[in-house]
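With our numbering applied, the sequence shown corresponds to residues 7 to 156, in that order.
Calculated from the structure, these hints are not laboratory results. If you're wondering where the values come from, they're calculated on a predicted model, not measured in any experiment. It cannot be assumed that every hint is accurate.
Once the Cα atoms are required to be at most 27 Å apart in a straight line, the calculated BS3-like pairs of lysine-lysine come out as [claimed, not checked]:
#1 K80 x K16
#2 K26 x K124
#3 K92 x K110
#4 K149 x K52
Label pairs and their calculated CB-CB ranges [unchecked claim]:
#5 Q95 x R21: 24 to 30 Å
#6 N57 x E118: 33 to 39 Å
#7 Q95 x F17: 52 to 58 Å
#8 N153 x E47: 16 to 22 Å
#9 E12 x G88: 52 to 58 Å
#10 I37 x N57: 20 to 26 Å
Yeah, the Cβ is synthetic: ideal placement off N, Cα and C, and Gly gets one too.
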Amino acid sequence: MTNLTEQQQKFEKQREIQHKELKIQKEIRQIEDDLVIAIEEILKDKDSCKNLEESQYRNLMHVADTTDSTEVIKNFLRYQLGRDKKWGQGENSLAQKIINDIDKLLPQKAEEIVNKVKYTEKLKYVKLELTRRYLGYGSRRLKYLKNENK
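Using the sequences and the accompanying hints, generate a full structural model.
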């Protein structure tokens, strides 16, 4: 590799990065079941989301899709908690349970992925991607629960 030209070295580095990014995507797909189970566990208590309207959850999804920060997502959830009781109240509220997973479960899963792939520079990206997927699976579950109650 010492005889490679500078251009060849750049190409090799780009290939290595692309390979790691593909491995990250594969690892994310490998833990999707964990994400679905986690959010469905939170939403299994129908009382916790009975007052929550689909549009409010869609607003959460919009925030998640338009930011690069999980802190912004948590801030939005806290704002919703302060506005009304549709997200629940206190530590057992739906919003707080989601915040807890964003703070604990999702960073843990993200760290496992980037450490396995040896690409720790992507930790923030992986954490955000897991958060978006987690919330997306919640949206599907909420839709199911709302239609089940009709």
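Hints, one by one, checked against the model:
1. K80 x K16: Since the Cα atoms of K80 and K16 sit roughly 39 Å apart, the hinted pair is violated (cutoff 27 Å).
2. K26 x K124: At roughly 8 Å apart (the allowed maximum being 27 Å), K124 and K26 satisfy the hint.
3. K92 x K110: holds, 24 Å
4. K149 x K52: holds, 12 Å
5. Q95 x R21: 24 to 30 Å: violated, 52 Å
6. N57 x E118: 33 to 39 Å: holds, 35 Å
7. Q95 x F17: 52 to 58 Å: About 56 Å separates the Cβ atoms of Q95 and F17, which means 52 to 58 Å holds.
8. N153 x E47: 16 to 22 Å: Holds: the Cβ-Cβ distance is about 20 Å, inside 16 to 22 Å.
9. E12 x G88: 52 to 58 Å: Since E12 and G88 have Cβ atoms about 56 Å apart, the given range 52 to 58 Å holds.
10. I37 x N57: 20 to 26 Å: Roughly 31 Å apart at Cβ, these two residues miss the hinted range, so it is violated.
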